[in-house]
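Student: Please arrange chain B on chain A, whose structure you already have, making use of the hints.
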Amino acid sequence: MSKMKIVIGQGSCGIAAGAAKVYDALDNAIKAGKLDADLSITGCIGMCYLEPIADVFTEEKGAVVKRTYVQLNGSDAADVFALIQKGDFENEAVKKYEISEEDENNLKSQTRVALRNCGNIDPENIDAYIATGGYEALKKVVSGMTQDEVIDVIKVSGLAGRGGAGFPTWFKWNAAKSSPGDEKYLICNADEGDPGAFMDRAVIEGDPHTLIEGMLIGAYAIGAKEAIVYVRAEYPLAIIRLKNAIKQANERGYLGDNIMGSNFSCKMRIKAGAGAFVCGEETALIESLEGQRGMPRLKPPFPAASGYFQKPSNINNVETFANVAWIINNGGEAFAAMGTQDSKGTKVFALTGKINKGGLVEIPMGSTLRDVIYGIGGGIRENKKFKAVQMGGPSGGCIPADLLDTVIDYKKLSATGAIMGSGGMVVMDESTCMVDMARFFLDFTAKESCGKCAHCRLGTKRMLEILERIVNGEGKDGDIELLEELCVSIKDGALCGLGQTAPNPVLTTLKYFRHEYEAHIYEHKCPAGQCRSLVTYTIDADKCKGCTLCARQCPVQAISGSVKNPHVIDTEKCIKCGKCIANCKFGAISVN
Amino acid sequence: MDCCPECKNNKSDLSLLEPVFKELADEKGSLIAILQQAQEIYGYLPTDVLRCIADRTGIKPAKVYGTATFYTQFRFKPVGKYLIMLCQGTACHVNGADMVLDAISSELGIGDGDTTEDGLFSIKCVACLGCCSLSPVMMINEETYGTLTPTKAVQIIRDIKESEANGGAAQ
Chain A
0 MSKMKIVIGQ
10 GSCGIAAGAA
20 KVYDALDNAI
30 KAGKLDADLS
40 ITGCIGMCYL
50 EPIADVFTEE
60 KGAVVKRTYV
70 QLNGSDAADV
80 FALIQKGDFE
90 NEAVKKYEIS
100 EEDENNLKSQ
110 TRVALRNCGN
120 IDPENIDAYI
130 ATGGYEALKK
140 VVSGMTQDEV
150 IDVIKVSGLA
160 GRGGAGFPTW
170 FKWNAAKSSP
180 GDEKYLICNA
190 DEGDPGAFMD
200 RAVIEGDPHT
210 LIEGMLIGAY
220 AIGAKEAIVY
230 VRAEYPLAII
240 RLKNAIKQAN
250 ERGYLGDNIM
260 GSNFSCKMRI
270 KAGAGAFVCG
280 EETALIESLE
290 GQRGMPRLKP
300 PFPAASGYFQ
310 KPSNINNVET
320 FANVAWIINN
330 GGEAFAAMGT
340 QDSKGTKVFA
350 LTGKINKGGL
360 VEIPMGSTLR
370 DVIYGIGGGI
380 RENKKFKAVQ
390 MGGPSGGCIP
400 ADLLDTVIDY
410 KKLSATGAIM
420 GSGGMVVMDE
430 STCMVDMARF
440 FLDFTAKESC
450 GKCAHCRLGT
460 KRMLEILERI
470 VNGEGKDGDI
480 ELLEELCVSI
490 KDGALCGLGQ
500 TAPNPVLTTL
510 KYFRHEYEAH
520 IYEHKCPAGQ
530 CRSLVTYTID
540 ADKCKGCTLC
550 ARQCPVQAIS
560 GSVKNPHVID
570 TEKCIKCGKC
580 IANCKFGAIS
590 VN
Chain B
0 MDCCPECKNN
10 KSDLSLLEPV
20 FKELADEKGS
30 LIAILQQAQE
40 IYGYLPTDVL
50 RCIADRTGIK
60 PAKVYGTATF
70 YTQFRFKPVG
80 KYLIMLCQGT
90 ACHVNGADMV
100 LDAISSELGI
110 GDGDTTEDGL
120 FSIKCVACLG
130 CCSLSPVMMI
140 NEETYGTLTP
150 TKAVQIIRDI
160 KESEANGGAA
170 Q
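Going down the list, the sequences are from chains A and B. For the first sequence, numbering that gives the first Met the number 0 gives the first residue as 0, with consecutive numbering after it. For the second sequence, numbering that gives the first Met the number 0 gives the first residue as 0, with consecutive numbering after it.
Please keep in mind that the hints were generated in silico from the structure rather than gathered at the bench. Virtual Cβ for every residue (Gly too), placed ideally from N, Cα, C. Each hint should be verified, as a subset may be incorrect.
Which bits of chain A does chain B cover? Going by a derived footprint, with three or more residues having C-beta under 8 Å, they are [stated by the list, open to error]:
#, region
1, 71-83
2, 333-347
3, 476-485
4, 539-549
5, 575-583
So the derived label-pair ranges between C-beta atoms look like this [unchecked claim]:
#, chain 1, residue 1, chain 2, residue 2, range
6, B, 43, A, 571, 22 to 28 Å
7, B, 104, A, 541, 46 to 52 Å
8, B, 76, A, 541, 49 to 55 Å
9, A, 70, B, 58, 50 to 56 Å
10, B, 140, A, 242, 45 to 51 Å
11, B, 140, A, 27, 21 to 27 Å
12, B, 54, A, 256, 50 to 56 Å
13, A, 476, B, 150, 38 to 44 Å
14, A, 99, B, 14, 43 to 49 Å
15, B, 39, A, 430, 38 to 44 Å
16, A, 513, B, 54, 53 to 59 Å
17, B, 104, A, 264, 51 to 57 Å
18, A, 74, B, 164, 21 to 27 Å
DSBU-like cross-link-like pairs, simulated, lysine-lysine; straight-line CA separation at most 30 Å [said to hold, decoys possible]:
#, chain 1, residue 1, chain 2, residue 2
19, A, 460, A, 542
20, A, 384, A, 410
21, B, 123, A, 446
22, A, 94, B, 151
23, A, 20, A, 2
24, A, 460, B, 123
If we strip away everything but chain A, and leave its shape as in the complex, we get (with noise of 0.2 Å):
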């Protein structure tokens, strides 16, 4: 390699913070002769709060040399890579781009199993995949190894279903293996629907083929000779990579007749989902598939019997599958020897909210949730105090600041009352009302409710009413044990795990932060300063300048006061929208 190499990572969110614009300048330059390198894109490597990010790779003295660039402009980009091809390191320009010794150490370490390819290959690219020992172990499987052979293996890694549940995946393969019938389906769950999480776009987009090798191994292991990719339509970009991989592994042989000379067969496809968060329960997945109403299903029969058009069919969730090639190569024991008693291997969490450094974690399970958060995320923003993480979306919960040394493992994390989930993490701090976070989840499952079961069609709605009033101000006495008696009644009451865990949001802030609930109520205060009702802004006349800049953008000309002079806000006027304190330069207005 004589010429220098720049990569950068292509995820949606990279995109979204301007990675497209400095690929496109960088792109002008080489074109016009500005700048001499070969120019290609990753996925995400995680680090999304660095975005966006560029590896430059160069020649020095016969070795290969990374240098990782970080925070990106499209303005300058092209300046500053013209200036490092000179070799001009060491110049203030390139220098402060690049990345800290702290955040290079930060992905170091991580364990990446699921993630291993994720912002170091070229997703667009076969060959950049086969180049990392990609499809080997689908060889080795369609080679040599006997459809019980290859369970055995998933059975000794102790790989459970990554969407949350933590059902042993060999059990569901061996189940679906097992059951009559020529015509089987295997089944990739990417509609992951819980706001929070973006885990499996980022191995799709990143990575695509190491989810269809996982797949094709799956199919091998339970004998479908059709795959399904089950992908949200909000994830625009993961599709297009997706259709792409699938289109190379057919022209390449890795997919479709006699794969790879064996008697294997397989074809692979995407359906698009249409936006229902209840399409993410297997059932309803399958519903949705056949082109119905995303209704859950009765259970049993499971869909190992019963599924896609009354055909054995086994379904598993992205990250799942993106171990699975992992697992082949490296045996099960490498897998299981990572992790805790109950909880085999790694996972994969998006961290997200009031942190320092957001972005996609792997870390190996039994790390503590501290580690996580303070260790890789690097805190709190604007050093306020932690308050709790909202773990597994709409069917989790709310683990507080006393709990930060929970170990991270299927069974601790659900004695909490929350749930591992799919590995959304977000974080909150002590300006996030725990109320408010409740009465935002019973909104969700309340709108995406499918309607089939009355206690979830009902239940949610009159649990969200009734947080609603709280935050409002117009919580009566008793409404916390009504809370209560609903959050019984829909968990027993619900067909499907959305339903039966929709109260589970309620059930962990009021189990930890009942005393914001009775603050609400009783008291009406919001400790949090957060619900607009319950709150009233004011002037500290020692702060304020005068500079008048509140009073002009205040939409109900409630602020009053001459220029040079402390301002008032009139209380009744007020509608708490806030725009007084996003524009006040020096800190003047505060919440009570």
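Tutor: Showing chain B alone in chain A's frame:
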């Protein structure tokens, strides 16, 4: 085949659907895919299009409509030239998405699900867009805008308005 005044007013060019039917009409379980492609063609799902889909697939009109209304992706009214999709995910919520919605709504004078009179903008609150680390996030047509504040969001809208007023369609 007009069943109601709305049908009479719908005058969609149904021939555009032919390639879709050719590819999918006989495939088992393809209704959602057909609806998706139809929306791609017309921008929304007019009643006469839904009826035509029912006719050609042999699925009852009530079932076609029932399936379409189940999924949030499908629209039954035309949308503006710029569709503002405001993310309602947890991370966006925690980081102030409702303030952004308020700001955009008051700037455009429309609420969630509405379209401005000039047909330029529509606002739609959507499920998590998966760009959580850039929250709050909105997507206008294909472009994603992250780390929004009410002021920043309004500025983006004003920029689009301005480029429209100047006759340019560039975002």
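Student: Report the numbers of all earlier hints that the structure fails to satisfy, in ascending order.
Tutor: 1, 2, 3, 4, 6, 7, 10, 12, 14, 19
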